[in-house]
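S.K.: Top line first, the protein sequences correspond to chains A and B. With the working numbering, the residue at position 165 of the first sequence is 165, and numbering never jumps. With the working numbering, the residue at position 177 of the second sequence is 177, and numbering never jumps.
Treat the hints with care, as some may be off.
The list treats identical chains as one, so a pair stands whether inside a single copy or across any two.
Claimed, not checked - Mimicking DMTMM-like on lysine to aspartate or glutamate, the simulated pairs with C-alpha atoms at most 25 angstroms apart in a straight line are: (1) Lys162 / Asp80; (2) Lys162 / Glu103; (3) Lys162 / Asp30; (4) Lys162 / Glu68.
Derived by calculation from the structure, the hints in this document are not laboratory data.
There are 2 protein chains.
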Amino acid sequence: MPGGRRAGPTRTRQAIVDVARAQFAARGYDAVSLRAIAREAGVDPALVHHFFAAKAQLFAAAMELPLEPDAFVSALLAGDADTLGERLVRAVVELWDTPGAFEGFLGLIRGAVTHSDAARLLREFLTRELLGRLAAAAAPDAAQARAALAGSQIVGLAMARKIVGIEPLASADPAWLAAAVGPTVQRYLTAPLPG
Amino acid sequence: MPGGRRAGPTRTRQAIVDVARAQFAARGYDAVSLRAIAREAGVDPALVHHFFAAKAQLFAAAMELPLEPDAFVSALLAGDADTLGERLVRAVVELWDTPGAFEGFLGLIRGAVTHSDAARLLREFLTRELLGRLAAAAAPDAAQARAALAGSQIVGLAMARKIVGIEPLASADPAWLAAAVGPTVQRYLTAPLPG
Chain A
1 MPGGRRAGPT RTRQAIVDVA RAQFAARGYD AVSLRAIARE AGVDPALVHH FFAAKAQLFA
61 AAMELPLEPD AFVSALLAGD ADTLGERLVR AVVELWDTPG AFEGFLGLIR GAVTHSDAAR
121 LLREFLTREL LGRLAAAAAP DAAQARAALA GSQIVGLAMA RKIVGIEPLA SADPAWLAAA
181 VGPTVQRYLT APLPG
Chain B
1 MPGGRRAGPT RTRQAIVDVA RAQFAARGYD AVSLRAIARE AGVDPALVHH FFAAKAQLFA
61 AAMELPLEPD AFVSALLAGD ADTLGERLVR AVVELWDTPG AFEGFLGLIR GAVTHSDAAR
121 LLREFLTREL LGRLAAAAAP DAAQARAALA GSQIVGLAMA RKIVGIEPLA SADPAWLAAA
181 VGPTVQRYLT APLPG
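Only chain A is shown next, with the shape it has when bound in the complex:
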């Protein structure tokens, strides 16, 4: 009813997501906390945790990414480390190809190419939640360099397949792409790097 003390859960969740989107845009990924988002949204931190178990989930909701980052990374790490590169490439390609799913990633990439704040946001999220965790688990030395190298190939593949539309990458089967590009990511994640 108008003037009621409490918003419904859907509106509360949306208010949290809106605050999160603004804070991520202004401050990047690392500097934002669920606690600060709760404070600005005027809700208890426990309520934020009720809707979003981790910052990465709230980020995915704010950026409309069709991705549960924790589950995505956990599934990849549960498999054989020798096939991590191939499984990672196949998983991201299948994610991008899900109908309607690439829009959120495209927004992140467009932002990164046009605004340095958005570039920082993409860089911090990719490093902390996806590639950094995979790299550290696969080969703990030089995890940041491994994550960055793997990220460069993944972002480049997204550009080639989904944005610039370079054939045969644009229409290639995900399994072919995994076989062609997976060894690159595997090498970056687990092979010796130059000193």
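Put chain B on the given structure of chain A with help from the hints.
M.R.: Structure of chain B alone, referenced to chain A:
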């Protein structure tokens, strides 16, 4: 003098570049010819050739790329085919790092991310003038796939180092990048690909 019959050579050259920029933007790379540019600029085709020996040179001038595409590719192909990937990565990184030089590439990438016409332009130029020629010379089978794969890593490296600023790639020495990323490009250009 006002009303004189002929523009000076500097203004004529600039008029050709302006016409070329508009035609590339509207029609992509492959569909544009030096002859069509001469016609629209109202000059003799021989005059266009006088200023620009090849379409790639005119494209570089129109897009403000600090690059002589023919000379760049020829120098790479003159070296040992087994080190092509490493030499290519080092050459593009040193080109990007030249003061003021990345702006033209950034414009191409920004365009590609925001407009499909600009994406086609980048795709056609990269494929025809740079990567496609390198790939066809290095391993003539599947040259288009090889060029596309190498291009995905090169564009991703540009994103990581110059746009998103992912460390340690953003501040890495060109020689280290060549050692880390060169084998990827080498594999794409010359190793067997999945069927």
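S.K.: If the cut is 25 angstroms between Cα atoms, do Lys162 and Glu68 qualify within a copy, between copies, both or neither?
M.R.: The answer is within: 21 angstroms in one copy meets 25 angstroms, while 29 angstroms across copies does not.
S.K.: For the identical chains here, do Lys162 and Asp80 meet the 25 angstroms Cα criterion within one copy, between copies, both, or neither?
M.R.: neither (28 angstroms within a copy, 33 angstroms between copies)
S.K.: Within a copy, between copies, both or neither: where do Lys162 and Glu103 come within 25 angstroms Cα-Cα?
M.R.: both (10 angstroms within a copy, 23 angstroms between copies)
S.K.: Give the relationship of Lys162 and Asp30 under a CA distance limit of 25 angstroms: within one copy only, between copies only, both, or neither.
M.R.: Answer is between: at 21 angstroms across copies they meet the 25 angstroms cutoff, but 28 angstroms inside does not.
Against the hints set out earlier in the document, a violation occurs for number 1 only.
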